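Join the two chains into one complex using the hints; note that each chain is given alone, in its own frame.
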Amino acid sequence: MPNVMIRQKQDGNLLFYIAKKDQENVVSTVEIDTQEQWGGEVELTDGSRYYIDPMSPPPVFPITLRFKRAE
Amino acid sequence: MSAMSKEETEALIAEVLEVYPEKAKKDREKHLAVNDQGVESSNKCITSNRKSLPGVMTIRGCAYAGSKGVVWGPIKDMIHISHGPVGCGQYSRAGRRNYYIGTTGVNTFVTMNFTSDFQEKDIVFGGDKKLDKMITEIDGLFPLNKGVTIQSECPIGLIGDDIEAVAKKKSKELDKTVVPVRCEGFRGVSQSLGHHIANDSVRDWVLGARDADNSFETTPYDVSIIGDYNIGGDAWSSRTLLEEMGLRVVAQWSGDGSLSEIELTPKVKLNLLHCYRSMNYISRHMEEKYGIPWVEYNFFGPTKIAESLRNIASHFDDKIKEGAERVIERYKSEYEAVIAKYRPRLEGKRVMLYVGGLRPRHVIGAYEDLGMEVVGTGYEFGHNDDYDRTIKEMGNATLLYDDVTGLEFEEFVKKIKPDLIGSGIKEKYIFQKMGIPFRQMHSWDYSGPYHGYDGFAIFARDMDMTLNNPCWSMLKAPWKQESTEAKAVAASA
Ligand code: SF4
Chain A
1 MPNVMIRQKQ DGNLLFYIAK KDQENVVSTV EIDTQEQWGG EVELTDGSRY
51 YIDPMSPPPV FPITLRFKRA E
Chain B
1001 MSAMSKEETE ALIAEVLEVY PEKAKKDREK HLAVNDQGVE SSNKCITSNR
1051 KSLPGVMTIR GCAYAGSKGV VWGPIKDMIH ISHGPVGCGQ YSRAGRRNYY
1101 IGTTGVNTFV TMNFTSDFQE KDIVFGGDKK LDKMITEIDG LFPLNKGVTI
1151 QSECPIGLIG DDIEAVAKKK SKELDKTVVP VRCEGFRGVS QSLGHHIAND
1201 SVRDWVLGAR DADNSFETTP YDVSIIGDYN IGGDAWSSRT LLEEMGLRVV
1251 AQWSGDGSLS EIELTPKVKL NLLHCYRSMN YISRHMEEKY GIPWVEYNFF
1301 GPTKIAESLR NIASHFDDKI KEGAERVIER YKSEYEAVIA KYRPRLEGKR
1351 VMLYVGGLRP RHVIGAYEDL GMEVVGTGYE FGHNDDYDRT IKEMGNATLL
1401 YDDVTGLEFE EFVKKIKPDL IGSGIKEKYI FQKMGIPFRQ MHSWDYSGPY
1451 HGYDGFAIFA RDMDMTLNNP CWSMLKAPWK QESTEAKAVA ASA
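Protein chains in written order, with this note's numbering: chain A, 1 to 71; chain B, 1001 to 1493.
Bound-form chain B, shown alone (with noise of 0.2 Å):
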């Protein structure tokens, strides 16, 4: 199917919403939109970050998830507890695959869950009895944890527990550092607010520890990488390319993240921002307080990577912007290697992306490197920063979705058709089953990483693979397939 004008993208739109009465069609109106890139502000067109409609199926998560699972989650010398009760930590326990080094157990603890483990007497009594005897009892069985972080839950916002006060008191009997999260679930509309509560957080707690400190030695290159979660080994593709160019970095946030490398951030010279949904709040904060710049940047796919390396170097000397020629001019061959084997099998595949904070529009770059087109895009929980800087990367007449309920989506890939689904694992097999090939985009389908040009080469490898996988093509039953050699049979006889 060709291109979709702009009147049949809209035409689409309004059929989809048929089927929803009267007050929910003018609510989910406001979240559907026809690109156009002439639009300059995007809540013109497109509303975002509002409560989801009750009786949809929305994908979200909540803000308990935004916090422990995505902010502090990967941060791997502390202990993340899930205070409430078990299942909130356990069913979402290492499902987000942020790699990192260590031994788990004795000095990270990445992909354990350590949890309250809530009864009805801690929800009638309280639990801060509970937390307290808990936080002494971890840093006795691990006691290289360099501190602790208490992730609440539904529940305790509910109660009324005093997780501050227990918090301030184990870190001065401790000494550790100890950091109270008021990241209860029910609190803003998705996991969005969790990201900006675990920042504030990490602001409150954390950041300001080292400021009179300056024993730690700087150079004019320090930078540090912010909002890389280190998925599959991403934040580490990332990490050589910006030491080969000549920066140092002092700081992964969160992905392979520690303590200290937080604390000696309001060091660097300039933060690099990969995920700016979720960590857009410190970055502001930090050049507010300490001065220190920031600048977005996006490693999928050469053509960006090109430009963000460029755009990184403008900050520093000569000696830098030399770098960045250096590393593009290293890796050229090898980009150019990939692009000259899959490209021919991609062409002009057209690709339908729905995911969180920074890929629907991050990726996009990545995909047109292969010769694929992204015709339609939507964001979880984006706001409406976001959707303006997605605006600008999407072709005219697209489709824009925004937290796309279950029927939406499935109407929308019956109409458009496309060759490949980039979403989550709730997403995966509905699709799957409708015989469209389909990779997550959040986990990189146990794959990975995707960024740097070593993760190009990865991300292209996969997507020919989905793509062109012959099981496609064997999904119908052989007895309700017109065969073509039953068709040749017919023919002879």
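Only chain A is shown next, with the shape it has when bound in the complex (with noise of 0.2 Å):
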């Protein structure tokens, strides 16, 4: 269960950094994604998934977030 900080990049895309591995990928798809929810399943371009159960209302970026690894 990862720590992960999630912030907007200037071209809207969401950075997902894990402090502990210093790593650093951008989300590529995030399972909900409404006005009024956020979260579920999340990946990441090189392939890896993460879950967070979602949030309503959803997080104001940039913010730490506590990520599972999704099987």
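Every clue listed holds true.
Below 27 Å or equal to it, Euclidean Cα-Cα: the simulated DSSO-like pairs (lysine-lysine) are:
1) 1392/B x 1051/B
2) 1269/B x 9/A
3) 1417/B x 1428/B
4) 68/A x 1289/B
5) 21/A x 1026/B
6) 1051/B x 20/A
7) 20/A x 1030/B
8) 20/A x 1044/B
9) 1267/B x 9/A
10) 9/A x 1392/B
11) 9/A x 1319/B
12) 21/A x 1289/B
13) 68/A x 1044/B
14) 20/A x 1026/B
15) 20/A x 1392/B
16) 1023/B x 21/A
17) 1044/B x 1392/B
18) 1025/B x 21/A
19) 9/A x 1321/B
20) 1321/B x 1332/B
Derived from the structure by calculation, the hints contain no laboratory data.
Keep in mind it's a predicted model, so treat the numbers as computed, not measured.
This is how it looks when you write it as structure tokens:
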């Protein structure tokens, strides 16, 4: 369950930063991304996937969240 | 020698790895790579931030070096205690050339060495009492200090001293900032963790100090320079450009920086991050807690400077955008003259770099402005996010080496035969004796500044001075040289 800092890049994409591993990746898809809710399975451009329980209202970036590794 | 192809570079790596035992070979293999701009994420081609292999020569430092030497050390109006035995502080004292303004020993203390000088009895009975006494003494002797940081050396963590408790007690007693930093040298694999620990201690002990105090008058154009250590005056030559374009620099981290500047940083509008490696942690924190965005910039060489100035300006209104254009325009004739003078002397020369946190990628642009080519680069303690940023800057089929060992570096140089090497003091004399021009790219070889337009002129001059120095043709003893004269004599006989 890594602690992940998510921030919005200038081009609008979300950047997924795992501090512990110093790993920076761009988020390619978010399962649920609506006005009311944000979360679910998150896929990064390198193909790895993480999971977080959907949150409502959606969080304001940048923010640190705890993700689970998705199988 | 013309540029190497991908296969040739791969063959070179394989050849150099040949001498290692099987296990070591497998480990080192992952740290060497041939650059391929097509790869979008570096962890596919290079491994970094791993423990160095026992038995090889590494050039890395320790966490204490990262905290005391890099992040905290240059903060001029605080006293940084090297807590532990005397050597760690004494042998690294004033080596980094972080310039500052002030009277050393009165209101600024950067080049001095303060140490608790641990003896056997401190190891056996603990050093907290000594530390307590020392901080009182310091405050008596140097009353103008604004605070104290306690930089732990290895033994502190080993014997389990409670420096946090001492810090809290003394801070209350003296009504000054006292920061305990748990940067014992054995933590982590390199100085990089020391940067992180130092960032965290800034976050926990200093940054929030003025959160409730709104007396500081802000403007919409407040920025801070983060991750510039003012080596040879670098931060000053950067600061003038920013001020000229209409921004107000509130804080410098940490070259020529002060405690109050750090405390005021949460009030700025934008954090400008030069050394990403050592200060990204605190920038991320400020973005999350205070909503201050940060941008990375690069002030080496006119191409990158112009790019960076425009990028910084894009976060502000038209006044600043015009300001950026005005600055670029103003220095145009100056840097064009520099290029016109030095480019013909340096054109086509090939450079290999091996430096610390940002220079392996940041200076590439400056060399390219002079018509030179960087054919190999690597970080002592970079992480994958650094290599992500490097791949785009380097040409295809060039060499990337992470935490390069003494042997590998030497062998690469022998094969690639660069015209210039940029690295640190530990590499300098080996390569100079091999007859290859060398510049120290940590301390600018006692020159500098290299940042900004003013710095570029000095950079170009220094590279020319080193590369085209007549001494390189005199390395061979006369009797070993097949001199042209001797040949001429032989021919006429
Ligand atoms: S590794 Fe430990 S003993 Fe060595 S310089 Fe660093 S803090 Fe000092």
